[in-house]
Amino acid sequence: MNGFRRTGLGLAIALGGLAAAAPFLPQWALFLVVISLAKGLAALGLLLLMRTGLVSFGQGLYFATGAYAAGVAANSLGVGDAALMVLGGGAAAALVAALLGLLLARYRAIFFAMLSLAFSMILYGILVKSPALGSTDGFNVSPKTALGVSLSTGPGRYGIYSLAALGAFACALAVDRYLRSYLGRLAPAVRDNELRVEYMGASVRNVVHLNLIIAGALAGVGGAITALAVGHVDPEMAYWTTSGEFVFVAILSGTSSVAAPFAGALVLEALRSFAYEHAPNSWQLVMGAAMLAVILFLPDGLWSVFRRRRRTAT
Amino acid sequence: MSTILAVLVDGVIYASWLFIIAAGLTIVYGVMRILNMAHGSLYALGAYAAASLAGAWLRAGFAPVGSYAMLVAAAVVVGLVVGPLIERGLLRHLYGRDEVVLVLVTYALFLILEDAVKLVWGVESYFITEPYGLLGTVELGPLSYPVYSGALVVAALVVGVALRFGIYGTRYGKLLIAVIHDREVSAALGINVNRVYLVTFALGTTLAALGGALTAPTVSVVPGMGVEVIVLAFAVVVIGGLGSMPGAALGALIVGLVRSAAVHFFPQVELFSIYLVMALVLAFRPRGLFVAAEARKI
Chain A
1 MNGFRRTGLG LAIALGGLAA AAPFLPQWAL FLVVISLAKG LAALGLLLLM
51 RTGLVSFGQG LYFATGAYAA GVAANSLGVG DAALMVLGGG AAAALVAALL
101 GLLLARYRAI FFAMLSLAFS MILYGILVKS PALGSTDGFN VSPKTALGVS
151 LSTGPGRYGI YSLAALGAFA CALAVDRYLR SYLGRLAPAV RDNELRVEYM
201 GASVRNVVHL NLIIAGALAG VGGAITALAV GHVDPEMAYW TTSGEFVFVA
251 ILSGTSSVAA PFAGALVLEA LRSFAYEHAP NSWQLVMGAA MLAVILFLPD
301 GLWSVFRRRR RTAT
Chain B
1 MSTILAVLVD GVIYASWLFI IAAGLTIVYG VMRILNMAHG SLYALGAYAA
51 ASLAGAWLRA GFAPVGSYAM LVAAAVVVGL VVGPLIERGL LRHLYGRDEV
101 VLVLVTYALF LILEDAVKLV WGVESYFITE PYGLLGTVEL GPLSYPVYSG
151 ALVVAALVVG VALRFGIYGT RYGKLLIAVI HDREVSAALG INVNRVYLVT
201 FALGTTLAAL GGALTAPTVS VVPGMGVEVI VLAFAVVVIG GLGSMPGAAL
251 GALIVGLVRS AAVHFFPQVE LFSIYLVMAL VLAFRPRGLF VAAEARKI
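From first to last, the protein sequence lines are chains A and B. Sequential numbering from 1 applies to the first sequence in the working numbering. Sequential numbering from 1 applies to the second sequence in the working numbering.
Honestly, the hints are just simulated from the structure, not real lab data. All figures in this text were calculated on a predicted structure; none of them were measured in a lab. Careful, some of the hints might be misleading.
[Stated by the list, open to error] Partial list, derived from the structure: chain A residues whose beta carbon lies under 8 Å from chain B:
#, residue
1, Leu115
2, Asn206
3, Met287
[Said to hold, decoys possible] Computed far set for chain A versus chain B, every beta-carbon distance over 10 Å:
#, residue
4, Phe31
5, Asn75
6, Tyr199
7, Val230
8, Ala259
9, Ile295
For every residue, glycine included, the Cβ atom is placed at its ideal position computed from N, Cα and C.
Taking the hints into account, I'd like the entire structure generated from these sequences.
Okay, structure coming up:
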């Protein structure tokens, strides 16, 4: 069994697990899983960028773009189905990423991080001062159907949940396929030595640009799913702390597996829900300490623990 | 006419505040190659320390004039305690790692400090308005300004001149320049690079805390006050050029004037005008206005 099939099987099992668990989960847990999957998608995009050697402190830009695009599609364009809104959100974010990528693809290291941060803060500033988009309050988003099933009926309460699970499954599978393709394999090569990649006849800029677009689209899909799950969008989605959270998840998960960002996001959200209740003023401290520990002792992310064990076992 | 005067005065006041903070950020980057995301938290720490110390001073019934000394003392205490603690305890083990890794480390530090502040001072807000009100106001043509804002400008000038003299006019400053240019050769020549790093980080922390301490009387000191400051300081140092001290001054002036012009003429672009300038500078001069492509200086 090759790597792609094995990952596909693993993801299918995870999807089956999510489907099987759904009837037993209370509403808050369903919500938690959906938000984790959405943030996991944004972190999955960061995984792509980190494989290329780039860390973006501005993924909130695409996250917010996706969320607002989904909201605008629902409220102004009359799109009623959640799946279409998610697709629209992803497409809008990909478009923004394609445009900004013309500039961003030229930058590396901290300059890339700073410029992406600046762009996301610009969007934040625009959203805060746009009365048509609700300024600081944002606006409500209420889809009527998900994949044709009405959300107000009994099975409808699983609508967004199923959509998020299917969306995350499809994206993870596609990204895994991409990582194993010719273009996908160029990303680590770009990180290691750009000059060598150019000598081999590949365009470093195109590789970086493509990864930026994919990462943007993934964050956009995640943002749209979040907008649907919360039923509300606000400018905080573009603020740099949101982007920082994605970076946190991506660092925690490492770049070795497409499933890791989702697991990482789930751990983060679960941790946060409990911490909000029991230690509202120290959960960031725990997050920071965990992140430091991972950077210092497990530079490849938490997922690498499993991998190392597997390697020693065989 | 009076509007233009207001834009200029507001801009310079805002720029002074920004310069004090950005100078600390840029000197740490220039010497240690660390883009410190926790700088905003150190700023908040300075504000809290100042509010506590000056508050205690006033409650004890000492002369209110002494509260100004307390503001500065609070910044120095934070710089001398927290700075070395972070440098010795954490950053020292990470020198030589990738710059991006260090950004992530300081981001983790930012998360830790944000909550550490809440754990020490709680989540309620602190007010320490006496130093602000004590100086009264001054008439500038048709406009009336608090004298405290003028004091802030003077403080920024003092910081700027002191840094300039400290770096170019003293023996220690020359050692610093040597370390900036080549860490390994400096070490080989017998400069204690580790101590230079320690002093630099303590200095950077003191400047961040000083920015916070001097702001404390003008605002309510609340959790999360450093979150916005860090991206503002980034904008300033990126515009001027990372690691460049004149760059930080120019960047602060640009950001200050752009913001005050935006506030007066186009309020709807106030929030993002600064980041727009930052993005434009990055697009055309990625290393900032004051840094040549290769050579680094401070």
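Here is what the structure says about each hint:
1. Leu115: Hint on leucine 115 of chain A: holds, closest Cβ of chain B at ~5 Å, below 8 Å.
2. Asn206: At 20 Å from the nearest chain B Cβ, asparagine 206 of chain A fails the 8 Å test, so the hint is violated.
3. Met287: Check passed: Cβ of methionine 287 of chain A comes within 5 Å of chain B, closer than 8 Å.
4. Phe31: Non-interface label on phenylalanine 31 of chain A holds, nearest chain B Cβ at 24 Å vs cutoff 10 Å.
5. Asn75: 22 Å, holds
6. Tyr199: 23 Å, holds
7. Val230: Its Cβ never comes within 10 Å of chain B, the nearest being 21 Å, so this holds.
8. Ala259: Given a closest Cβ separation of 22 Å, the condition holds.
9. Ile295: Since the minimum Cβ distance to chain B is about 6 Å, isoleucine 295 of chain A lies within 10 Å and the statement is violated.
In this structure, the hints that do not hold are numbers 2, 9, in rising order.
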